[in-house]
Amino acid sequence: MSESPIQALIFDCDGVLVDTERDGHRVAFNMAFKELNIDAHWDIERYGDLLTTGGGKERLRRHFDEVGWPVAREDQRDQLVIDLHKVKTGFFLKIIESGALTLRDGVARMIDAAFEARLKVAVCSTSNERAVATLVWKLLGDTRSSRIQIFAGDVVKHKKPDPAIYHLAATTLSVDPTKCVVVEDSHIGLSAAKAAGMNCIVTISAYTASENFNAADHVVSNLDQGVDLQLCEQLVKYRKETA
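Its first residue numbered 1199, the sequence shown is counted upward by one per residue in the working numbering.
None of these hints come from the bench; they were simulated from the model. Take these hints with a grain of salt, some might be off.
Listed below are the simulated EDC-like cross-link pairs for lysine to aspartate or glutamate, each with C-alpha atoms no more than 16 Å apart in a straight line [as the list claims (entries may be wrong)]:
#, residue 1, residue 2
1, K1377, D1352
2, K1255, E1327
3, K1284, E1327
4, K1255, D1276
5, K1377, E1439
6, K1377, E1201
7, K1355, D1374
8, K1292, D1221
9, K1292, E1233
10, K1336, D1217
11, K1435, E1201
12, K1318, E1431
13, K1435, D1374
14, K1318, D1374
15, K1284, E1233
16, K1255, D1352
17, K1355, E1256
18, K1435, E1409
19, K1255, D1281
Between beta-carbon pairs, the in silico distance windows are [to be verified]:
#, residue 1, residue 2, range
20, T1341, N1235, 34 to 44 Å
21, I1242, T1376, 35 to 45 Å
22, D1426, D1237, 44 to 54 Å
23, A1306, E1439, 26 to 36 Å
24, D1247, D1310, 31 to 41 Å
25, L1234, E1264, 17 to 27 Å
26, D1276, N1412, 32 to 42 Å
Small disclaimer: the values here were computed from a predicted structure and weren't measured. Glycine included, every Cβ here is placed at the ideal spot set by N, Cα and C.
Work out the full structure, taking the sequences as your base and the hints as a guide.
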């Protein structure tokens, strides 16, 4: 069998591995607000709007910048964000461990196919590293998760749509960005992947159906809609031929 033109298959986490945003992260944020007696509640529409900002701590700061802070001083604001996000992460981990969230269609199949083809597999996410690692372990199991490199949280200074996390992944994995295929679900994730010089398949999630994915190499509702390694190889080959 000839060598695959792909070197790595890289997944975003939230919205790609699992549709976590509406019934996972949003719920956990609201639980944290209640736990710390903060007068805030993110309904489905509000959280969808906040998702245009990458990163949970960044969303908290944006929300309070827009509606007013419960504390006055900047150092108090920084600590509030840290405390809220820590409590939120604890609640989110409990949601994951409860089994309430499940893998999206086609994810396990694509990961197994990548392993069989001896590709490197990674997850690049703006979410808390512990939360991402727990989700990967819980839903993909020990055997798969032990072979998946995770880049998450504050591992880079600038979050998506900045390409920093994908640059870090390419460097750490020792792969050519043009020979990587990324699976994202949002415009900001797509922007990060393309800015890093990678190929990108978009699998639309609950919050992202109306976003602009014109820059994507391929767009589907889920990975079981004709997405396989052959398609990924075609995307990489086409890019090389048209470069």
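Quick rundown of the hints versus the structure:
{"no.": "1", "hint": "K1377 x D1352", "verdict": "25 Å, violated"}
{"no.": "2", "hint": "K1255 x E1327", "verdict": "13 Å, holds"}
{"no.": "3", "hint": "K1284 x E1327", "verdict": "12 Å, holds"}
{"no.": "4", "hint": "K1255 x D1276", "verdict": "10 Å, holds"}
{"no.": "5", "hint": "K1377 x E1439", "verdict": "13 Å, holds"}
{"no.": "6", "hint": "K1377 x E1201", "verdict": "12 Å, holds"}
{"no.": "7", "hint": "K1355 x D1374", "verdict": "22 Å, violated"}
{"no.": "8", "hint": "K1292 x D1221", "verdict": "13 Å, holds"}
{"no.": "9", "hint": "K1292 x E1233", "verdict": "15 Å, holds"}
{"no.": "10", "hint": "K1336 x D1217", "verdict": "15 Å, holds"}
{"no.": "11", "hint": "K1435 x E1201", "verdict": "13 Å, holds"}
{"no.": "12", "hint": "K1318 x E1431", "verdict": "14 Å, holds"}
{"no.": "13", "hint": "K1435 x D1374", "verdict": "13 Å, holds"}
{"no.": "14", "hint": "K1318 x D1374", "verdict": "12 Å, holds"}
{"no.": "15", "hint": "K1284 x E1233", "verdict": "12 Å, holds"}
{"no.": "16", "hint": "K1255 x D1352", "verdict": "10 Å, holds"}
{"no.": "17", "hint": "K1355 x E1256", "verdict": "12 Å, holds"}
{"no.": "18", "hint": "K1435 x E1409", "verdict": "27 Å, violated"}
{"no.": "19", "hint": "K1255 x D1281", "verdict": "10 Å, holds"}
{"no.": "20", "hint": "T1341 x N1235: 34 to 44 Å", "verdict": "43 Å, holds"}
{"no.": "21", "hint": "I1242 x T1376: 35 to 45 Å", "verdict": "38 Å, holds"}
{"no.": "22", "hint": "D1426 x D1237: 44 to 54 Å", "verdict": "49 Å, holds"}
{"no.": "23", "hint": "A1306 x E1439: 26 to 36 Å", "verdict": "31 Å, holds"}
{"no.": "24", "hint": "D1247 x D1310: 31 to 41 Å", "verdict": "36 Å, holds"}
{"no.": "25", "hint": "L1234 x E1264: 17 to 27 Å", "verdict": "19 Å, holds"}
{"no.": "26", "hint": "D1276 x N1412: 32 to 42 Å", "verdict": "37 Å, holds"}
Hint check: violations occur at hints 1, 7, 18; the rest are consistent with the structure.
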